[in-house]
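Please build the complete structure, drawing on both the sequences and the hints.
Protein chains in written order, with our numbering: chain C, 1 to 227; chain W, 1 to 446.
Hints are computed from structural coordinates only; laboratory data are not their basis.
Possibly wrong hints are sitting among the right ones.
When the alpha-carbon atoms are kept at most 25 Å apart in a straight line, the in silico SDA-like pairs for lysine to any residue are as follows [unchecked claim]:
| id | chain 1 | residue 1 | chain 2 | residue 2 |
| --- | --- | --- | --- | --- |
| 1 | C | K76 | W | T335 |
| 2 | C | K112 | W | L307 |
| 3 | W | K348 | C | K136 |
| 4 | W | K432 | C | L72 |
| 5 | W | K432 | C | L110 |
| 6 | C | K112 | W | I416 |
| 7 | W | K432 | C | P97 |
| 8 | C | K76 | W | Q14 |
| 9 | W | K432 | C | R120 |
| 10 | C | K136 | W | V13 |
| 11 | C | K194 | C | R120 |
| 12 | W | K348 | W | W2 |
| 13 | C | K136 | W | Q14 |
Keep in mind it's a predicted model, so treat the numbers as computed, not measured.
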Amino acid sequence: MSVVLDQVVKDYPLGSSMVRALHSISLRIEEGEFTTIAGPSGCGKSTLLNLIGCMDVATEGHVSIEGKETGLLTDKEQTHLRLNTLGFIFQSFNLVPVLSVFQNVELPLLLKGGMTAAQRAERVNALLDQVGLGAKAKNRSHELSGGQRQRVAIARALVTLPKIVLADEPTANLDSETGKTIIELMRSLNEKQKTTFIFSSHDPKVIEHARRIVRLQDGRVIEDVRK
Amino acid sequence: MWTFLLIALRNLVQARRRTLLLGSAIAFVSLLLLLLLSISKGVSDRLIEASTLTSTGHVNVAGFFKQRANSATPLITNRNQIRQLVTENVTGLAAVTDRARGWGRLIGPAGSFNTGLNGMILEESGFLKELKLAEQSEYKKDGQNKILGNMSDFGKPDTIIIFAAQAKKLGADVGDTLTFITEANGGQTNSVDLSVVAVARDMGFLSNFSVFVPRRTVLNLDRRGDDTTGAVWVYLKDIRRASEVRKQLEGVLGKAGFQILEHDPRPFFFKFQKIVGQDWRGLRLDLTTWDDEVSFINWIVASLNGLSVFLVAVLGLIIATGIANSMWMTVRERTKEIGTLRAIGMQKNQVRRLFMLEASLLGLAGALAGSLAGIVLVTAVNTFQIPIGNSGLRVFLMTDVVRLALKPQHILTAVIFMPLLTAFAAFYPSQKASRMPPVQALNQGK
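And the structure:
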């Protein structure tokens, strides 16, 4: 499962003019990679992740996942791809506040369908145990710390067994110790399940955990290194 | 679905104050809807009850007898044969009776008016058992709060029962003698003196058009034979079959050799002019149902229904605006959540469904609360028999105490209508929410 970006350009309107957020980015991310998109705020990290995640459309160029060009997919097909192939982790966790931890993690499975309640419960509980939140299944998100919430978000992102997990600044709202734990958790899941992880960060302590670092500056790739 | 329901429910609980305010408004409109429906149904029931007691059977075999071209008498011959044909051929029959009919002027000590004369067969008249007598104070200034007269005296020759409003107009009391004058077929005037044996409580409009005398009095007044009558009244176990039975009887009586008039859904007294102008002689039967006979006052139920629809439509519009506004606020507050749900794979139609479900649940909860309040209120109103002070309103509503008839189908109407209304109101904001691009929703919600 590879992600291919070919000469991708993204422009945003700003008043009456257009601002170029990404300049002709070409990138190939292979299956099972643990890649960080690094760079300072405003360099285009989130824009790049949004394009890979079918949440936005490139102005020019092509984004392909599994050989499918995402810009040619309908909204329904893109949503289907997000549900079945991609997992998302957000900077602000973005849990549904009115649902419990268990229900938040179960939600993508319900959207996907095709599983019995018992099968869903087994999958969700296993993942919650894996992220160390088995005992918090019944809690609501406001009863959890930031680190715990992000672990719920990781469990939610992984519950459909996606091929690719996209994480936009997953540690930005966490203290450094918790951030390190979250990155280690992601890395261990990457190693065990061979899930491709692409995460953005501006924090050097987080970036150093990645096996591949794609560094952006002003919307351009200035460095692409594998450790 | 359960998770959608849970999200919707919990979001409603979360926005407690807004839910309570909107829910109360929906409950109030539901309550109003139920009250209006139960008033309308109460009046409609009362109309059926009053009309089938005083003026009509469920199906009527009446007719006109024309001795010469420009005359018509509301009279049928072969009464016994017709009654026998009805009894033998109609299934689901509850009772059969007949009433002799007359038309003329009733004169009392202080006034007079034109009225129909109902010649009653005492032993077949359940009507008399149902009739409630009025206290003297209801029709006489400075009268006693006491019922005078006795229903058992009715049936003695040349007695009469009148209604309270008529007694007031005539200045008559129990024991007084009234004179009834009618014009016979030959153009001569016949009259009879009638002794008032009882004054009944008014039954709305219908009590303006009828007085009751023994059948023999009508026959004697017009010197009619015993095998004549005004109309044979057929009561069915199921009133809804009235139209079907009328058609059946048209066939049966036609086959038996009777001439049948084309169905005209109006009471007999509206047909006089038409029949007088027709060029035929002898007897023609005119078959009607109860609603044909009261069609001239159907406007009461129709206007009540119209008023109900208007009020509910206006209030519904206000509620719909409130719901739509509230949903806009919800969508704005939950933009980030919408973005997240879209990002993790929720389709547009599922987002729309989620928001509409939330609105429908609010509508359902409001409708249930309103229905509960409606049941309590209607039960209380009917239990306490609240009198209607205004005489005009008494006539209009055909009752002297407030009578409400709340049926399960009314509650079902509210419980179905309100969630549909709220879902409809929430459609556009929900549609907008679902069409928001995920990245835009996530960025706006930051």
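Here's how the hints hold up against the structure:
1. K76/C <-> T335/W: Answer holds: K76/C to T335/W is near 20 Å, not above 25 Å.
2. K112/C <-> L307/W: Not OK: K112/C and L307/W at ~49 Å, beyond 25 Å, violated.
3. K348/W <-> K136/C: Cα-Cα ~31 Å, so violated.
4. K432/W <-> L72/C: holds, 23 Å
5. K432/W <-> L110/C: At roughly 23 Å apart (the allowed maximum being 25 Å), L110/C and K432/W satisfy the hint.
6. K112/C <-> I416/W: violated, 31 Å
7. K432/W <-> P97/C: Within the cut-off at roughly 22 Å; holds.
8. K76/C <-> Q14/W: violated, 31 Å
9. K432/W <-> R120/C: Cα-Cα ~31 Å, so violated.
10. K136/C <-> V13/W: OK: K136/C and V13/W at ~22 Å, within 25 Å.
11. K194/C <-> R120/C: Between K194/C and R120/C the Cα gap is close to 22 Å, so the pair holds against 25 Å.
12. K348/W <-> W2/W: holds, 18 Å
13. K136/C <-> Q14/W: Holds, at about 21 Å.
Of the numbered hints listed earlier, those contradicted by the structure are 2, 3, 6, 8 and 9.
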